[in-house]
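*Asks:* Chains as they are written, first to last, in this note's numbering: chain A, 1 to 85; chain B, 1001 to 1573.
Hints listed in this document are in silico derivations from the structure and should not be mistaken for laboratory results.
Errors might be hidden in some of the hints.
Unchecked claim - Only pairs whose alpha carbons sit at most 16 Å apart, straight line, appear in this in silico EDC-like list of lysine to aspartate or glutamate:
no., chain 1, residue 1, chain 2, residue 2
1, B, K1272, A, D77
2, A, K7, B, E1559
3, A, K7, B, D1334
4, B, K1272, A, E84
5, A, K12, B, E1559
6, B, K1326, B, E1353
7, A, K5, B, D1560
8, B, K1484, B, D1556
9, B, K1335, B, D1369
10, B, K1359, B, D1334
Unchecked claim - One-sided and incomplete, this derived list gives chain A residues near chain B with beta-carbon spacing under 8 Å:
no., residue
11, L26
12, S28
13, Y29
14, G45
Note that the Cβ used here is the ideal one computed from N, Cα and C, for glycine as well.
One letter stands for each residue in the lines below.
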Amino acid sequence: MDATKRKLYWRKNLRFLLILLTFWFLVSYGCGILWVEQLNAIRIGGFKLGFWFAQQGAIYVFVVLIFVYVYGMNKIDRSFDVNEE
Amino acid sequence: MSIQLWTYLIVGLTFALYIGVAIWSRAGSTSEFYVAGGGVHPIVNGMATAADWMSAASFISMAGLISFMGYQGSQYLLGWTGGFVLLALLLAPYLRKFGKFTVPDFIGERYYSQTARVVAVICALFISFTYVIGQMKGVGVAFSRFLEIDYNYGVMIGVFIVFFYAVLGGMKGITYTQVAQYVVLIFAYLIPAIFISLLMVNHPVPQLGLGGRLSDGTYLLDKLDQLSTDLGFAAYTTANQGSLDLFFVTAALMLGTAGLPHVIVRFFTVPKVADARISAGWALLFIALLYTTAPAIAAFAKTNLVTTVSEQQHDALPGWFSRWEKTGLLQFDDKNGDGRVQYYNDNNTAFAENIAAAKGWGGNELRVDNDIMVLANPEIAQLPAWVIALVVAGGLAAALSTAAGLLLVISSSVSHDLLKKWLMPEISERDELRAARVAIAAAVVIAGYFGINPPGFVAQVVAWAFGLAAASFFPAILLGIFSKRMNMQGAIAGMLSGLIFTGSYIIYFKYGAGKAEDYWWGISPEGIGTLGMLINFAVSGIVSAFTPPPPAAVQDMVEDIRVPRGAAAAVQH
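The shape of chain A in the complex, shown without the other chains:
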């Protein structure tokens, strides 16, 4: 694999990571901590939304994020032909 292709692969990888980590930050630190007061004004059933994000929602998003990462990374690997057999 030549150096330019390698560089391109790495850049694509980093951009994908950055997008996922942005979501990771938004649901945990954002919805769960920084904007919790504002979100608590919204209610869904017995839950205040900010409280729900902090104790439930963020965790569900975390799980989804890892599976999205696995799917996306495998696809990038294949398109650059660096996947394992």
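Given chain A, put chain B in place with the hints provided.
*Replies:* Only chain B this time, still in chain A's reference frame:
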């Protein structure tokens, strides 16, 4: 059948299962001993990782902490699960491609330095020992309450069991035993939660039951807010401290989780880089099952506790109350002599002077240890005896699985990183395996000794282990992968400054003259690892900018671990 008989039966059966699995899967080579031969299926590895990582603290203490902290307890939920995302995205796949056995191995090779390796070994040993002593304590508590035997014998039984299957099986035995332990602990956690959810809010899924309505039509969480404020506490669902500290504590727990050596090493056990990625996903899914149930248990238990005991005659309370009083984990002190239990926040002066005094209350009369909330919950909710026995078996499974994983890190740090890679490089594989078994045996005995005579710092495990992992390992590993320019000088200076800063802050405020009102920007010692990490990053960056870049071979290695293809099985080089 009595609770005690059920406990003997279920705990005995699960122990027989663990030992059986260990015999079936014992290790024959160093590679099997350290990383299970690198051939573990991702789902299996995910389950083992989940059991490895969910300790006695997750199983026994966390729901209790959330019970008393309310919204503020989210730091544990967010921190310990969010850290897994960082581990899965930023570290696990690359460390798997690197293909060695231990974290100090990576640090030593990447920073081409024995000093860096030795610093990493010392950190790994310190973190692992602090943590494992906590597990041994958990085993002792569970045994002494439910089998009604002496605490010391409880620890000894735990030592014997771990000794048996960790020394015999190494990583391979531990991995398959941990799968069995995961199954036991998750059933033990979910079954009582489902029972209680059905009883209180008539919903079979605790995660949804948390937002459900009680039999009187009010929402559970609203009722809990009401109960809390009526007793002078902060409302359960809202923030009551500065969000900066919450932010820092959450971040320290996250980064610490990502840097814990016994969790990272799990990703060396799968065959491929793609498997390392997906097994982190499975692990978090299995962990999330417990972690999303914990806040429900916390809310149910708190509501149950307050409504059962508050303003009730002490003599008329149910039997579990006096049984737990005997252990000293639940204490009642009838300050105003009216024979009733007054449980309220006497640190809230306005409440104590205006409302409590008018009712003739003479101070808070009930002390509840966090740890009993999960263990006593089934009794408080009057669940059948076998459910209570199952919870005990679950707590033991959580403690033993984590202890075994940590002991393996300790033994591989000694036999592989210290002996093979440093002191006696010509050691044969058979001798190395023997040294690993001796090291694990010695570590179990030392852990058992400290479990019986716990040093004072064990109570502060969270601040220590996570803070130090966040301030030392996490930046060094991250920079080692994502910055080709990062060199030996930068990494060592960064790790040392992160460690020294974080360590001094914790020592000053936990054991020295420091008082809570003097915290820098209100950051508690639990959260200071985050600042230590930032310092580590800054120092690493500055020092490496003024020192020569790493040798070409190391830069090539970094290029290589960034690309999945060509991952060999984790072997010794």
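*Asks:* Look at each hint and say if it fits the structure.
*Replies:* Here is how each hint holds up against the structure:
1. Between B:K1272 and A:D77 the CA atoms are separated by roughly 13 Å; this keeps the pair inside 16 Å, and the hint holds.
2. Between A:K7 and B:E1559 the CA atoms are separated by roughly 10 Å; this keeps the pair inside 16 Å, and the hint holds.
3. Straight-line distance between C-alpha atoms of A:K7 and B:D1334 comes to about 71 Å, which puts the hinted pair past the 16 Å bound.
4. The straight-line distance between the Cα atoms of B:K1272 and A:E84 is roughly 7 Å, inside the 16 Å bound, and the hint therefore holds.
5. For the proposed pair A:K12 and B:E1559, the alpha carbon gap of about 15 Å is at most 16 Å, so the pair holds.
6. Between B:K1326 and B:E1353 the alpha-carbon distance is near 32 Å, which puts this suggested pair outside the 16 Å criterion.
7. Between A:K5 and B:D1560 the CA atoms are separated by roughly 13 Å; this keeps the pair inside 16 Å, and the hint holds.
8. For the given pair, B:K1484 sits about 9 Å from B:D1556 by alpha-carbon distance, which is consistent with the 16 Å threshold.
9. Proximity of B:K1335 to B:D1369 is assessed by CA-CA distance (about 19 Å); at most 16 Å being required, the pair is judged violated.
10. Taking the CA atoms of B:K1359 and B:D1334, the gap is near 15 Å; set against the 16 Å cutoff, the hint holds.
11. The restraint placing A:L26 at the interface with chain B is violated, with a minimum CB-CB distance near 12 Å, outside the 8 Å limit.
12. This hint holds: A:S28 has a C-beta 5 Å from the nearest C-beta of chain B, less than the 8 Å allowed.
13. A hinted interface residue such as A:Y29 counts as satisfied when its beta carbon comes closer than 8 Å to some beta carbon of chain B; here the least separation is about 6 Å, so the hint holds.
14. Against a cut-off of 8 Å between C-beta atoms, the interface hint on A:G45 holds, since the closest Cβ of chain B lies about 5 Å away.
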